[in-house]
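Peer 1: Spelled out, the chains give:
There are 2 protein chains.
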Amino acid sequence: MEFRDVIRKRRMVRNYGPEPVPDEALDRIVDAGLTAPSAGNSQGLGFVIVTDQATRRAIAVIAEEEEYVACGFDPWISRAPAHIVITVSEQVYRDRYREPDKLGPDGEEIEWPVPYWWVDSGAALMAVLLAVVDEGLAAGFLGVHSVPRLGSLLGIPSHHTPIGVVTVGYPMADRRSGSLARGKKPRETVIHHERWAG
Amino acid sequence: MEFRDVIRKRRMVRNYGPEPVPDEALDRIVDAGLTAPSAGNSQGLGFVIVTDQATRRAIAVIAEEEEYVACGFDPWISRAPAHIVITVSEQVYRDRYREPDKLGPDGEEIEWPVPYWWVDSGAALMAVLLAVVDEGLAAGFLGVHSVPRLGSLLGIPSHHTPIGVVTVGYPMADRRSGSLARGKKPRETVIHHERWAG
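Chains as they are written, first to last, in this note's numbering: chain Y, 1494 to 1691; chain X, 1494 to 1691.
Hints are supplied without guarantee of correctness; some may be wrong.
Which copy? The list can't say, so a pair holds if one copy fits it or any two copies do.
Taking lysine to any residue and the SDA-like style, the derived pairs with C-alpha atoms no more than 25 Å apart in a straight line are [said to hold, decoys possible]:
#: 1; residue 1: K1502; residue 2: D1524
#: 2; residue 1: K1678; residue 2: R1503
#: 3; residue 1: K1502; residue 2: R1675
#: 4; residue 1: K1502; residue 2: E1559
#: 5; residue 1: K1595; residue 2: M1494
#: 6; residue 1: K1678; residue 2: P1664
#: 7; residue 1: K1678; residue 2: D1524
#: 8; residue 1: K1678; residue 2: P1530
Think of the hints as simulated: they come from the structure by calculation, not from any bench.
Bound conformation, chain Y alone (with noise of 0.2 Å):
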């Protein structure tokens, strides 16, 4: 699919048909997340992909899924035929920048004014959404403060933390997130140019 109707169609999507994901267009998707950048090519993030039943059945136990469907969600998790969870360790990064070629030249680490790790993470997750709109899928997401105990299901080191989960399923109409009445904020207000405006 082209680029722009790719970045176009993105959106969360809350519903899915019951047909199974191939497991190369999982296998797609999850390299695109794996082109996402790295800062130092710290290479901190993992991948997690789940098609059992079973499995997502327990994620959705601990995301309680109950309330969405008491809110009038569909059973979006549980009904997603595939969970790719993506976890980053903040570890792997402060390793990686206390080689020799990262350290400052008292020998000390940098003071990372912005943790790159989870930047990096969201990097990959962005990747991930694109490319299953590219397969003709379509993606929800989420946060792991809606899935905690995420990271002993499914036995995650406890140096890795789950930044969330990516349902992934063939779309079907579904309820929006009352989020989205907020509107957008103007434009203006977002974007500067030469310098910040306002």
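Chain X: place on chain Y using the hints.
Peer 2: Same frame as chain Y, but now just chain X:
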């Protein structure tokens, strides 16, 4: 351009030709960044597009571009005809998650096990980097730890943190980052099926 080609071609490029980047291309690139997901539709990001030569040179000075040049790199920061600074405000996210529909059962704010403002900024960064490739251009990235005083130079409000500078231009032959010599981690150590393995 096809999405798969955009993903395949994207890499950090650190040298550019002198041709300016059309304003419409910069607009499309930043608009792609604006399509990134935003937790709770908080919309806490900002973008500053810089094309003014004196400002780009000032950014190159605070980035100590001369040290890159001393290491054999091109003067890629001052040479890039456009800079896009991406910023994010934690405060905007926290204010959003103190609105009634986002509070917990006892009226408390969520605990933010993952700081989604950084994740969202990374998602926008990836969309920008990919949109640059779709325009036939190339981009580099300068982390904000390399550009102290960027916020004051551009008048960015103190509650917005710049995550860095995306340098944009027409690609020229460049020296690659030394970090690439680290190679790629084996795919099976990064991508797991059903459960984290190893």
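Peer 1: It remains to establish, for every hint, whether it holds in the given structure.
Peer 2: Here is what the structure says about each hint:
Taking the closest pair of Cα atoms, K1502 and D1524 come within 25 Å of each other both inside a single copy (20 Å) and across two copies (14 Å). For the homomeric pair K1678 and R1503, the shortest alpha-carbon distance inside one copy (19 Å) is at most 25 Å, but the shortest distance between copies (29 Å) is not. Taking CA atoms no more than 25 Å apart as the test, K1502 paired with R1675 passes inside one copy only; the shortest distance there is 20 Å, against 36 Å between copies. Taking the closest pair of Cα atoms, K1502 and E1559 never come within 25 Å of each other, the shortest separation being 28 Å inside a single copy and 43 Å across copies.
Proximity of K1595 and M1494 under a CA criterion of 25 Å is satisfied in neither setting, with 39 Å inside one chain copy and 36 Å between copies. Proximity of K1678 to P1664 under the C-alpha cut-off of 25 Å is found in neither arrangement, the shortest distances being 27 Å within a copy and 33 Å between copies. Only between protomers do K1678 and D1524 lie at most 25 Å apart by alpha-carbon distance; the minimum there is 13 Å, versus 33 Å within a single protomer. Within a single copy, K1678 and P1530 get their C-alpha atoms only as close as 28 Å, which misses the 25 Å cut-off; across copies the closest is 14 Å, which meets it.
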